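Engineer: Each chain, letter by letter, is given below.
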Amino acid sequence: MAYSEQVLDHYENPRNVGGFDKNEGGVGTGMVGAPACGDVMKLQIKVNDQGIIEDAKFKTYGCGSAIASSSLVTEWVKGKTLDEAMNLRNTQIAEELALPPVKIHCSILAEDAIKAAVADYKQKHGNMAGSEEYTACNPPVAS
Amino acid sequence: MLDFSRNHFELLGLPVSYALDSARLDQAYRDLQAEVHPDKFAHAFDAEQRLSMQWATRVNEAYQTLRHPFDRANYLLQLQGIHAMDANNTSMPMDFLVRQMAWREQLEAAKAAQDAAALDRLEKTLNTEVREFQALLAEEIDQQRNYPLAADTLRKLRFTDKLLADVGAAYEELG
Numbered sequence: 705m706a707y708s709e710q711v712l713d714h715y716e717n718p719r720n721v722g723g724f725d726k727n728e729g730g731v732g733t734g735m736v737g738a739p740a741c742g743d744v745m746k747l748q749i750k751v752n753d754q755g756i757i758e759d760a761k762f763k764t765y766g767c768g769s770a771i772a773s774s775s776l777v778t779e780w781v782k783g784k785t786l787d788e789a790m791n792l793r794n795t796q797i798a799e800e801l802a803l804p805p806v807k808i809h810c811s812i813l814a815e816d817a818i819k820a821a822v823a824d825y826k827q828k829h830g831n832m833a834g835s836e837e838y839t840a841c842n843p844p845v846a847s
Numbered sequence: 003m004l005d006f007s008r009n010h011f012e013l014l015g016l017p018v019s020y021a022l023d024s025a026r027l028d029q030a031y032r033d034l035q036a037e038v039h040p041d042k043f044a045h046a047f048d049a050e051q052r053l054s055m056q057w058a059t060r061v062n063e064a065y066q067t068l069r070h071p072f073d074r075a076n077y078l079l080q081l082q083g084i085h086a087m088d089a090n091n092t093s094m095p096m097d098f099l100v101r102q103m104a105w106r107e108q109l110e111a112a113k114a115a116q117d118a119a120a121l122d123r124l125e126k127t128l129n130t131e132v133r134e135f136q137a138l139l140a141e142e143i144d145q146q147r148n149y150p151l152a153a154d155t156l157r158k159l160r161f162t163d164k165l166l167a168d169v170g171a172a173y174e175e176l177g
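For the record, the sequence lines run as chains S and W. Sequential numbering from 705 applies to the first sequence in the working numbering. Sequential numbering from 3 applies to the second sequence in the working numbering.
If we strip away everything but chain S, and leave its shape as in the complex, we get (with noise of 0.2 angstroms):
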């Protein structure tokens, strides 16, 4: 298949590919497959008191138009709040990378995986994103 320039440029140049510690505080992290392809996807995000994402990162197993769909993700969330992450849309992503209609699935992914890294997120710091929650799990160090 014929694989668009911005695919490519993902494919060959993937950002932010790695992970963080899943048990650290700040960290979510989203987990998901495509039945459809086999694709495993897992995208993490950093998230800091003021409940900015300052730093995601990824590592898929699949095909180029996967790898560009959570590489680009990667890129987009950076700097946002978590809600801005929630609302972004797989077409979005499609849109961006030019994914023809067999690999807008691999957009869906990556739009399933940063939600789910919310959501893992939220779910740990009790659906808030404070600081005290932030403190709570990074006691200061006694020197």
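No lab work stands behind these hints: they were computed from the structure. Model, not experiment: these values are computed from the prediction. You may find that some hints are simply not true.
No farther apart than 25 angstroms at their CA atoms in a straight line, the calculated lysine to any residue pairs in the SDA-like style are these [what the hints assert, rightly or not]: (1) S:Lys761 / W:Asn91; (2) W:Lys164 / S:Ala706; (3) S:Lys784 / S:Ile756; (4) S:Lys763 / W:Ala120; (5) S:Lys826 / W:Asn90; (6) S:Lys726 / W:Arg106; (7) S:Lys763 / W:Ser93; (8) S:Lys726 / W:Arg101; (9) S:Lys828 / W:Met103; (10) S:Lys763 / W:Asp163; (11) S:Lys761 / W:Ser93; (12) W:Lys113 / S:Asn720; (13) W:Lys164 / S:Pro718; (14) S:Lys763 / W:Leu128; (15) S:Lys761 / W:Met103; (16) S:Lys726 / W:Met94; (17) W:Lys126 / S:Ala740; (18) S:Lys819 / W:Asn90; (19) S:Lys763 / W:Phe98.
Add chain W to chain S, keeping to what the hints say.
Structural biologist: Same frame as chain S, but now just chain W:
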């Protein structure tokens, strides 16, 4: 007379079930193929030739679908109105995805290290899992008739099948 509305099982005269006597399937296929083979209609009218061609194609499709455990299960679920491979369904159980991810990482490492023994171990593990899923499918489809549950199992089988194919490709690369 041949009837286009019959499902694959009916067409081949087999019970509608996941458990399958593959010798019986092969025999039914050969019998039917002999009956509808286009060569038999070489001297027939165009319309008859076309019909026999359509039939041969239809019989082939039925055979190929029922022959493969994955396709057979998927087809059985479709007969129940369940499309297990719907692309919008991305939420798999967390522990399953974590395991898939770990195996993917093992595969990456084995490829990087050109470690054939590690590929062997991974393949063995995956084959065991495939057999477990197939046994589950037989149980869930034929005995429990719990089709949504079978759809979950079938989706898992898809991931493991894909991973096995990638392990196979990694072997090829080792040369």
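Engineer: Enumerate the violated hints, using their earlier numbering and listing them in ascending order.
Structural biologist: none
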